[in-house]
Structures are given as structure tokens and as C-alpha cells.
Amino acid sequence: MIEDKYIGEEFIDIISSQPFNRREFMKKTGGAIIVLFTLGDISALEGMEPQRRGRPEDINAYFRIEATGRITCLVGKVELGQGAITALAQMAADELDVSMESIDMVMGDTDICPWDSGTWGSQTIRFTGPVLREAAAKTRAVLIEIAAEQLKVPIERLTAKNGVIFEESNSDNRITYSQLAKGKIIERRVKGKVDLKNVSEFNIMGKPFLRVDSHEKVTGKAKYAGDIRLPGMLYAKILRPPSHDAKLKSVDVSGVKNLEGVTLVQEDDLIAVLHNNPDNAEAALSKIKTQYDSPEAQFDDKTIHEHLLNSAESRRVVDEKGDIKNGEKLADISTEETYFDNYFAHATIETHTALANIEGDKATVWVSTQGPFVIKDQIAEAIGFPSEKVRVITPFVGGGFGGKSPGRQALEAAKLAKITGKPVQVAWTRAEEFFYDTYRPAAVIKIKSGTTKSGDITFFDYNVYYAGTRGAELFYEIPNYALVSLGGRSAHPFATGAWRAPGNSTNTFARECQIDIMASKAGIDPVEFRLKHIKDKRVRNALEAAADKFGWSPKKTPSGRGWGVAMGTDVGSYVAHIAEVEVDKNTGRVQVKRIVCAQEMGIVINPQGATIQIEGCINMGLGYALTEEMRYRGGEIFNTNFDTYEITRFSMTPKIETVIVDNKETSPQGGGEPAIICMGGVIANAVYDAIGARVFQLPITPERIKEAMKRG
Amino acid sequence: MKETINFKLNGKSTRLTVDGERMLLWVLRTDLDLTGTKFGCGISACGACTVLVDNEAVRSCQFPMKYVNGKEVITIEGLAKNGDLHPLQKAFREHDALQCGFCTPGMILTAYSLLLKNPNPSRDEIIDGMNDNLCRCGAHNRIIQAIETTSKK
Ligand code: FES
Ligand code: FES
Numbered sequence: 001m002i003e004d005k006y007i008g009e010e011f012i013d014i015i016s017s018q019p020f021n022r023r024e025f026m027k028k029t030g031g032a033i034i035v036l037f038t039l040g041d042i043s044a045l046e047g048m049e050p051q052r053r054g055r056p057e058d059i060n061a062y063f064r065i066e067a068t069g070r071i072t073c074l075v076g077k078v079e080l081g082q083g084a085i086t087a088l089a090q091m092a093a094d095e096l097d098v099s100m101e102s103i104d105m106v107m108g109d110t111d112i113c114p115w116d117s118g119t120w121g122s123q124t125i126r127f128t129g130p131v132l133r134e135a136a137a138k139t140r141a142v143l144i145e146i147a148a149e150q151l152k153v154p155i156e157r158l159t160a161k162n163g164v165i166f167e168e169s170n171s172d173n174r175i176t177y178s179q180l181a182k183g184k185i186i187e188r189r190v191k192g193k194v195d196l197k198n199v200s201e202f203n204i205m206g207k208p209f210l211r212v213d214s215h216e217k218v219t220g221k222a223k224y225a226g227d228i229r230l231p232g233m234l235y236a237k238i239l240r241p242p243s244h245d246a247k248l249k250s251v252d253v254s255g256v257k258n259l260e261g262v263t264l265v266q267e268d269d270l271i272a273v274l275h276n277n278p279d280n281a282e283a284a285l286s287k288i289k290t291q292y293d294s295p296e297a298q299f300d301d302k303t304i305h306e307h308l309l310n311s312a313e314s315r316r317v318v319d320e321k322g323d324i325k326n327g328e329k330l331a332d333i334s335t336e337e338t339y340f341d342n343y344f345a346h347a348t349i350e351t352h353t354a355l356a357n358i359e360g361d362k363a364t365v366w367v368s369t370q371g372p373f374v375i376k377d378q379i380a381e382a383i384g385f386p387s388e389k390v391r392v393i394t395p396f397v398g399g400g401f402g403g404k405s406p407g408r409q410a411l412e413a414a415k416l417a418k419i420t421g422k423p424v425q426v427a428w429t430r431a432e433e434f435f436y437d438t439y440r441p442a443a444v445i446k447i448k449s450g451t452t453k454s455g456d457i458t459f460f461d462y463n464v465y466y467a468g469t470r471g472a473e474l475f476y477e478i479p480n481y482a483l484v485s486l487g488g489r490s491a492h493p494f495a496t497g498a499w500r501a502p503g504n505s506t507n508t509f510a511r512e513c514q515i516d517i518m519a520s521k522a523g524i525d526p527v528e529f530r531l532k533h534i535k536d537k538r539v540r541n542a543l544e545a546a547a548d549k550f551g552w553s554p555k556k557t558p559s560g561r562g563w564g565v566a567m568g569t570d571v572g573s574y575v576a577h578i579a580e581v582e583v584d585k586n587t588g589r590v591q592v593k594r595i596v597c598a599q600e601m602g603i604v605i606n607p608q609g610a611t612i613q614i615e616g617c618i619n620m621g622l623g624y625a626l627t628e629e630m631r632y633r634g635g636e637i638f639n640t641n642f643d644t645y646e647i648t649r650f651s652m653t654p655k656i657e658t659v660i661v662d663n664k665e666t667s668p669q670g671g672g673e674p675a676i677i678c679m680g681g682v683i684a685n686a687v688y689d690a691i692g693a694r695v696f697q698l699p700i701t702p703e704r705i706k707e708a709m710k711r712g
Numbered sequence: 001m002k003e004t005i006n007f008k009l010n011g012k013s014t015r016l017t018v019d020g021e022r023m024l025l026w027v028l029r030t031d032l033d034l035t036g037t038k039f040g041c042g043i044s045a046c047g048a049c050t051v052l053v054d055n056e057a058v059r060s061c062q063f064p065m066k067y068v069n070g071k072e073v074i075t076i077e078g079l080a081k082n083g084d085l086h087p088l089q090k091a092f093r094e095h096d097a098l099q100c101g102f103c104t105p106g107m108i109l110t111a112y113s114l115l116l117k118n119p120n121p122s123r124d125e126i127i128d129g130m131n132d133n134l135c136r137c138g139a140h141n142r143i144i145q146a147i148e149t150t151s152k153k
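Residue numbers (the working numbering), protein chains in the order written: chain A, 1 to 712; chain B, 1 to 153.
Keep in mind the hints are simulated off the structure, nothing from the lab.
There's no promise every hint is true.
EDC-like, lysine to aspartate or glutamate: derived pairs with alpha carbons at most 20 Å apart [claimed, not checked]: (1) 90/B - 216/A; (2) 221/A - 33/B; (3) 537/A - 548/A; (4) 422/A - 31/B; (5) 593/A - 125/B; (6) 247/A - 260/A; (7) 223/A - 33/B; (8) 655/A - 31/B; (9) 207/A - 94/B; (10) 2/B - 548/A; (11) 302/A - 245/A.
Over the 12 Å line for every Cβ pair with chain A, so calculated as not near, a few chain B residues [as the list claims (entries may be wrong)]: (12) 4; (13) 11; (14) 19; (15) 53; (16) 56; (17) 93; (18) 113; (19) 120; (20) 151; (21) 152; (22) 153.
None of the values given here were measured: they were computed from a predicted structure.
All residues carry an ideal CB built from backbone N, CA and C; glycine is no exception.
One chain only, chain A, in its complex shape (with noise of 0.2 Å):
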């Protein structure tokens, strides 16, 4: 597997300008082997543009072989309940050829992690994986290269397995990692090519494994930013506005003065008190005094769709095919639907928290964050530090779904740090929370589409308003089509951003209603009928795995049984829903039974972990399209915390089903997103089913289905 020519010239001894503190972690334990790499030396990086583009092209290390027995493996993901952790580890002992138990994880520092872009977009086993399991491969042959030196025999005649290297004629004349360590710090760089593990050949990738951090989190000893302690640190709340266009026109803080043990900050537009105790510092914070000025709301949650689609400015053609105009002649059956989706939160149980020290002229910053490497930047910007001064450890994150993408609060401890010279923690409220949210847009979508009497589609014209085209790429067989992206300049009255499979959940509700209306009207059975326009293999098998596992029987809608399906593809994978549901016509009222969903995402690395994201991604998605909804009037949001913002709950949980398609020819493709994305399809769909009524708006709320019924 090891090219010869990889071994023997090819190693340098490291002598290098390293930041300080990289060269002080790799020099504190006694006795470890550490293989460095820069840039150049993964080629699995090679076209990843997007795992590129900013990475320094310094030196950087991803595993460190203690005497132990214990290897460190370091990343610059973060984990967020997403389970990297595992399958990253997963990974790396498979390709150093050591038990899983052996390996530690550390994750998200940016003093000794690799830099890393962020973690979003399920990117981290399509993209990291590679990456690391090259560097675990690279790793394994360097100490191959040591023990070839140790034990003198040539590298050839060795293999690694389990931790020991031994010879392949002669297992006796053996050394594990481990001992290679002893005693001595041994630096070296790698290049070369090695080969990864065929399918064929894993031993711990491709097997089901549960979390490696459960202990620490049922026993509350996991660290998170808001649990890290500092000598003299303080605790900071800052006044916030009533709301987004909100202006400060006075400020009384004589309340606040001779509070004992609180300090005031009043610098530009930061105002915050802190206090040795959070409590205090809250109740300190109330008795400042403030008028504001707010202009007149142009618009609220009721009329914000007519508000987006009056403010569409840009039309963009993003994807085409045949003549919408032809299709438009040869359809029998013709129809045009509105779509609605509105703003939702990422409503993470951990707020968005961070505490800043600063000793000297080097700040570290513990961050709740999905993007440690772009925190550290701005940090260093907002408080004028040099980049490489600035230290961002990532604990455990309570949460992330894209909402902690953006770190203001980060900024905010650091700031408030640098001006009282004390460590700062800032962790917000639950009002803060919902306020400086960066919510999943609210948008329109218009679609007109017609069928032949025998139910094929002759045209499919797609447009969606401010909600991109993420997830709307057609994967069904259709002559005309033409999908159309409109929006432009933000029209939101707040900040909107990445959530869970951003634009993916609202592209494909109205895609996969407005399929099975048009099969519904066909007499054609929803399934069946998207059968009958996909040619695609992963796709079907998707939608034939999910129909077979649910125990599917073909019939027209509405059925009465209250079944519906949708599917969709994102980040690479594909997936297919199948739910059963139970409306009450007097109250509105739907109670989900049963979700089937059959994922398609190439190979799998973790079995275990995939299937949890699915339930995860369903259980979440429940919330988006049954209860969640975000009230506002322009920039004043009225949801400050979860008595009016409900999020799923036990009592919505159905039964859960979840099938993943086996795929060895695809690489590992992304597993975070994909099974949210057709949560509000399914249940609109299967509410149809159930009672002949159609909701067009998410979230499908008793009133809407209420609202649908009298529509007839």
C-alpha cells in the first residue's frame, strides 16, 4: 500500500519558526511522536477550494503518539452534538490502525488545531474525512519509518496493526506506537503518497459506534463556554434595544451607579454592567433607564410575504430546460400554487456564550461557536490584536444548527474584557437569544406545472422568492422546467442566516406539494407517481427503500389513511419520507404516528451516528412544520422565549423508522441536513391525505388546517 519511493528521502526533520505556543504543546509531554504536515502534504485538499481558501500555510500537526499509549487527535471542527467526535475518531483509528478507545479528541483550538473553515454545511466527514484519514495514513507510515529504524529491518518487510508494528516473516520482532514514543520527543515531517482504506478493508469506519462523549455529558461533567471558570472573572449583561431599528435616544444609569460590586461600561454603543455573579449583574442591568425612538413597522408576521414579494428586485434564471411555453400547450391539466414559509429559530438550548480573557498582549476567547477560526478573526479585529493573539477554544457547543455561525457575543466578552481588564463571560439570555438570531428566512414560492391526462409532467416552472435555490435542483424527469431565483438586497426586518439545510426545508415543501397535487389530480398514487419521473438510481432507491420499510399500498389522494411522502436531496445525499399522521377536524389539531425515512448517502462511516442525525433531523423538522412561529412587528420581535416559540416536544415524537441505503460506489456524502429537509412536505402532504385539505404555509398550525377545510 505504501509506495517505496514515499519512504527513506522523503521525511525532514522539522526546523521551523512555529508560533510559540504550537511548539509548546508539542514539547510538554514527555516522550511523543509528532508528524507535521503543511499544506502541500494532504492532497486530498487538492480542488477543495473551500477547505482551502484561508488555510495558513503553516505547519500543523493532527496527531501527537504518546509513550501513553494514548493518541491525540486534533481538528479544527467543532462538536455540536452532531457526533464529529466520533466519527472523526472513527476514522482516524482506522487509518493509524489503533482501537478507538486510544484516541482523544481535541477539537475547534486554534493554537494547535489545523485551521479549519467552520463547521456547517455536512461538511465535516464529506470533506475533513478525507483530509484526516490521509493524515492517520501518513502517520501510520512515519512510524512504520521509525520502527524500520528501531528494529532495523527494512520498511518493506513491516505492517502495523492494532498499535504494533512487527514483522510481517517474524511477528516476534515487534514494537508498539506507544513504545516508539518513550522518552523522546520525536518531530517529523511527511510527504509523499499513501493509500487509503478500501470499503473492503475497514475495521472500525462503516461499524456502528455510540457517542465517545456520553460519560462526560450524563455526568455534567462535559465543559461548555458558560461552565469555564476564571479567578476575578465577571459576568456581563449588556442593554439591548427594544428592537432592530430601535434608536438609544437616552440613557440613565444613576440606578446603576453605587450597586455594590458592579462596574458600568459605557463605550460608544456598549453599555453593560458586570457583576461577580451573573444574577446581579441582570437585576444591576434593570435599573438602567432608557427611552428609544423607533420608527413606524412597514409590516409584521402577517404581511411580511406581500412585503418580500414587493421588494424582489433581482430575477435570476438559475436553471433551465426545454420551453416552459410548450409544456404549457401539451398539459391537460394545469396547476399554479403559492407557497409561504416564515422566519424560524435555531432556538439551540445553550445560548450563544463566551468568556474572554486577556493577559498581556495575548486574549483567549472560550466561544460557543460553530466557526472558531472565523471568530478569532474578528475578534482580533474588534479589539485590535494581531490575529495570531488571539487564542478561540471551543468546548462543547450546546447547539448549533447555523445559529452559531455568527458570534457577536464572542466580540462582546472580548471587548468588555480588554476595557476592565477581567476576564468577562457573556452569555445571553433566552430574549437575547431570540433577538440577535440569525432566523431561516420567511419567502414565497410560485409554481406552475401541468400533467398530461395519463400524468406526465410536461412542464415545471419554479419560482422562489428569498429563499435561494439550495435543495430546489430537479431531480425528477420533466421536459420543461425552469427554475427561477428572485430576491436581492435583504428585505428582512432582522438578520437571517444558515438554518439546518438553509433554503433546502422551504424549497422542498412547496416542490414535493406541488408534485403530489399534480398526482393527486392525475388519480395517480403520490408514490407511484413520482416513480414514474425518476430515473436517477440513488433517488429511487431512496423512495423504494422508504416505501418498502413504511409497508406502502398504492391509492389516489386523498386516501383518508393520512400517509404522505416527499423527498429531496441535499449536501450530496438523498432521502425520502414517508409519515403517517391523525388530524382532528374540530381542533386542527395534527398528531404525527409514524416517520419512515430511507437516507441515500454514499458510504457510511457511522452508521449509528447517521441514523441519530436523521431522528434528530426529524424530530427537529416536527417543530418547523407544525408549531414553531416567530411573531414580530417590523424590527420588534415578540418571541423571547419558549412558552410562546414551541419547539417540538415529547408528546410530538412519532414513531420513528429510519432505513439507510446502502451505497459503496458513492463516497461519504453529508448527514447533519438532509433528513430535516422534507419535514413540511411530508405532513402537508400527509394531512391532505387525512382530510382532503391543503395547507400552504408553514408552519401547518390548527388554524391554517381549520382555514384549509372551510376552503374546501
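We have chain A already, so just place chain B with the ligands on it with the hints.
Just chain B with the ligands, lined up with the frame of chain A:
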């Protein structure tokens, strides 16, 4: 107003002089460095801050210190005995009943008090008992399974 509060914390007698109006959550997290108890909402709406007071699950974000006097408080840090995980903690691990883990301490302690009152709950009773604990990662079905497994033991 500062008062002296005597209570048992994870099996140890504890005496604190604090403002009796302060909430248990912040005293645990700040004064006592027990950070396993989490803040999620501050209004008793999420359950992340759940601890046991005399074996009853309470929301520490709205539980004033003055009511702690003379009581026995158990936090997630106090559930394992001599390094042995409580059966619920084991079941949460075996079922992977957590993702980010932020809701987990509150889930486990709510389930603990539920099982004390009702050692053999039906699925519906579990859902009922857990319904005011929120999990954004969507570990619900596995949490139910973990509780079912524990109750059967
Ligand atoms: S923090 Fe106490 S219930 Fe949410
Ligand atoms: S595991 Fe993340 S909130 Fe429950």
C-alpha cells in the same frame, strides 16, 4: 438580604451565606462551581436547570435559595455513586439518548424523579412526565427508550 442556609448538597452538609432571593441555579453554577446544571430559559420553560430537591425535580432557575434551607439537593454531579453511574445515566449512554448534551442533566434528573414516583411508567406516562423538558437536537425517542429500559430493571 443575606441569610445562612444549611442544606445537603450531593450528600454533603453545606452551609452558605447568600441572599435568600437568589435562584439556586446561579448559586450552584457560580458560588459552588457545579456547572452540570444548565441555563436554558430562566422561566421554567425548558428544564435544562432541573435538580432534585428532596427527590423532587425542580427548576432551579426559579427556585430561591431561601427554600433550600434544610433540604437535600442532588445535582447531576451527585447522581453517580463511587464512580458507578446511575442506571439512568448508563441507559442514556447505551441508547445514545443525547446529542449536544445540553438538555441531558435536566432530562436525567426529571426522569429520576418520575421513576421514583412511578417505577413502571407506560410510554404515555413517560411522555407526560418529560413533556416540559425541551431538547433541540431531537433525542426524544431515545430518551424515552432510555427511561423505559431503566424502569424495566
Ligand atoms: S432554565 Fe430553568 S427551566 Fe429553563
Ligand atoms: S441533546 Fe441537544 S438539546 Fe437535547
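Structure-based check of all given hints:
1. Only pairs whose Cα atoms come within 20 Å are accepted, and residue 90/B paired with residue 216/A is accepted, the gap being roughly 12 Å.
2. A C-alpha spacing of about 11 Å is found between residue 221/A and residue 33/B, which places the hinted pair at or below 20 Å, so the restraint holds.
3. Pair hint residue 537/A plus residue 548/A holds up; C-alpha atoms about 16 Å apart against a cutoff of 20 Å.
4. At roughly 18 Å between alpha-carbon atoms, residue 422/A and residue 31/B fall within 20 Å of each other, so this suggested pair holds.
5. For the proposed pair residue 593/A and residue 125/B, the alpha carbon gap of about 17 Å is at most 20 Å, so the pair holds.
6. Among the hinted pairs, residue 247/A with residue 260/A is inconsistent with the structure: their alpha-carbon atoms are about 30 Å apart, more than 20 Å.
7. Pair hint residue 223/A plus residue 33/B holds up; C-alpha atoms about 12 Å apart against a cutoff of 20 Å.
8. At roughly 43 Å between alpha-carbon atoms, residue 655/A and residue 31/B are farther apart than 20 Å, so this suggested pair is violated.
9. Restraint check for residue 207/A and residue 94/B: the C-alpha separation of about 16 Å stays at or below 20 Å, so the hint holds.
10. Distance check on the hinted pair: residue 2/B and residue 548/A sit about 66 Å apart at the alpha-carbon level, beyond 20 Å; violated.
11. Annotation: proposed proximity of residue 302/A to residue 245/A holds, straight-line Cα distance about 19 Å (limit 20 Å).
12. Interface exclusion of residue 4/B from chain A stands, the closest Cβ pair being 18 Å apart, more than 12 Å.
13. Every CB of chain A is more than 12 Å from the CB of residue 11/B (nearest about 15 Å), matching its label as outside the interface.
14. Against the 12 Å criterion, residue 19/B falls within the reach of chain A, whose nearest CB is about 9 Å from its own CB.
15. Residue 53/B, annotated as away from the interface, keeps every beta carbon of chain A farther than 12 Å; the closest lies near 17 Å.
16. With 12 Å as the threshold on Cβ separation, the claim that residue 56/B sits away from chain A holds: the shortest Cβ distance comes to roughly 19 Å.
17. At roughly 4 Å from the closest C-beta of chain A, the C-beta of residue 93/B falls inside 12 Å, breaking its exclusion from the interface.
18. No beta-carbon of chain A is positioned within 12 Å of the beta-carbon of residue 113/B; the least distance is around 16 Å.
19. Listed as a non-interface residue, residue 120/B keeps its Cβ farther than 12 Å from every Cβ of chain A; the least gap is roughly 18 Å.
20. Residue 151/B, annotated as away from the interface, keeps every beta carbon of chain A farther than 12 Å; the closest lies near 15 Å.
21. For residue 152/B, the condition that its CB be more than 12 Å from all CB atoms of chain A holds, with the nearest at approximately 19 Å.
22. Distance to chain A confirms residue 153/B as a non-interface residue, since its nearest Cβ pair spans about 16 Å, more than 12 Å.
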